[in-house]
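Engineer: Quick note on the working numbering: the sequence shown kicks off at 1084 and runs consecutively.
Please keep in mind that the hints were generated in silico from the structure rather than gathered at the bench. Please note that the accuracy of each hint is not assured.
[Unchecked claim] DSS-like cross-link-like pairs, simulated, lysine-lysine; straight-line CA separation at most 25 angstroms:
id, residue 1, residue 2
1, K1143, K1161
2, K1161, K1110
3, K1157, K1117
4, K1157, K1110
5, K1117, K1161
6, K1143, K1117
[Claimed, not checked] Pair ranges (Cβ atoms, derived):
id, residue 1, residue 2, range
7, R1208, V1185, 42 to 52 angstroms
8, K1110, A1198, 38 to 48 angstroms
9, T1195, L1162, 19 to 29 angstroms
10, A1115, S1215, 44 to 54 angstroms
Because the structure is a prediction, the values reported are computed rather than measured. We put the beta carbon where it would ideally sit given N, CA and C, even for glycine.
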Amino acid sequence: MDLVVGFERLDRDAVSSYAELRTDNTKTWWTANKARYDTAVRGPFEALGAELEPEFGAVKIFRPYRDVRFSADKTPYKLHIGMVTQVTVAHYLQLSEEGLMVGGGMYDVPPTALARFREAVDDPRSAEDLESLLGEPSSAGFELSRDDALKTSPRGYRAEVNLHGCTGDAASTPTTVAQGRTVHEVTSPDVT
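Using the sequences and the hints, build the whole thing.
Structural biologist: This is the structure in structure tokens:
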């Protein structure tokens, strides 16, 4: 594959290739379409990542292969491509046949930062400020993720915390936000 210089646009063929992969998620299909993946999917993501790095830090593009070792679903390939930056907070971009998803937030938080976050949530004054901040992405159409919510409040923290619809369990874990757009929305001629 030639070196990709400068991001121009995401390729519509990327969406088509994921639709085909969904119906034939096999090594045979993948081998026959690997060059197409490199050109239509990975190439534009690498170019976009290179343009984002100066502002957001190092970009990681995820591998297309699924880890099927402990999964009942043995289909070998992911039905999306994703990239992430993570310097102080994570920024995430994912493309699939359904469309484009953008997200960000605190993910895989170091223990010292997690302790500071929980102290802030446990303090009624800073919890109020944090709740207000979490309302901003929601009002812009982003959804708060509760994927990593704990089952109970961490030991030593009050259980009655209610942070933007989360009780103590979910509020005690840093959160991420995400927003999706359909293929039509991101491939419309009106999109610039």
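Engineer: Does K1110 lie within 25 angstroms of K1157 when you go C-alpha to C-alpha?
Structural biologist: holds, 12 angstroms
Engineer: Would you mind confirming whether the straight-line C-alpha gap from K1117 to K1161 stays at or under 25 angstroms?
Structural biologist: holds, 13 angstroms
Engineer: Take the C-alpha atoms of K1143 and K1117, compute the straight-line distance between them, and say whether it is at most 25 angstroms.
Structural biologist: Holds. K1143 to K1117 sits at ~20 angstroms (cutoff 25 angstroms).
Engineer: Would you say the C-beta atoms of T1195 and L1162 sit inside 19 to 29 angstroms of each other?
Structural biologist: Given about 36 angstroms between the Cβ atoms, the range is violated.
Engineer: Lying within 42 to 52 angstroms: is that true of the beta-carbon distance R1208 to V1185?
Structural biologist: Roughly 31 angstroms apart at Cβ, these two residues miss the hinted range, so it is violated.
Engineer: Please work out if K1161 and K1110 have their alpha carbons no farther apart than 25 angstroms.
Structural biologist: Within the cut-off at roughly 12 angstroms; holds.
Engineer: K1143 and K1161 were given as a pair; does the straight-line alpha-carbon distance stay at or below 25 angstroms?
Structural biologist: Holds, because 16 angstroms separates the two Cα atoms, which is no more than 25 angstroms.
Engineer: Lying within 38 to 48 angstroms: is that true of the beta-carbon distance K1110 to A1198?
Structural biologist: 45 angstroms Cβ-Cβ, so the 38 to 48 angstroms window holds.
Engineer: For the pair supplied as a hint, K1157 and K1117, confirm whether the alpha-carbon distance does not exceed 25 angstroms.
Structural biologist: holds, 19 angstroms
Engineer: Using the Cβ atoms, figure out if A1115 sits within 44 to 54 angstroms of S1215.
Structural biologist: Taking Cβ atoms as reference, A1115 and S1215 lie about 52 angstroms apart, which means the hint holds.
The structure fails hints 7 and 9 (numbered hints given earlier, in ascending order).
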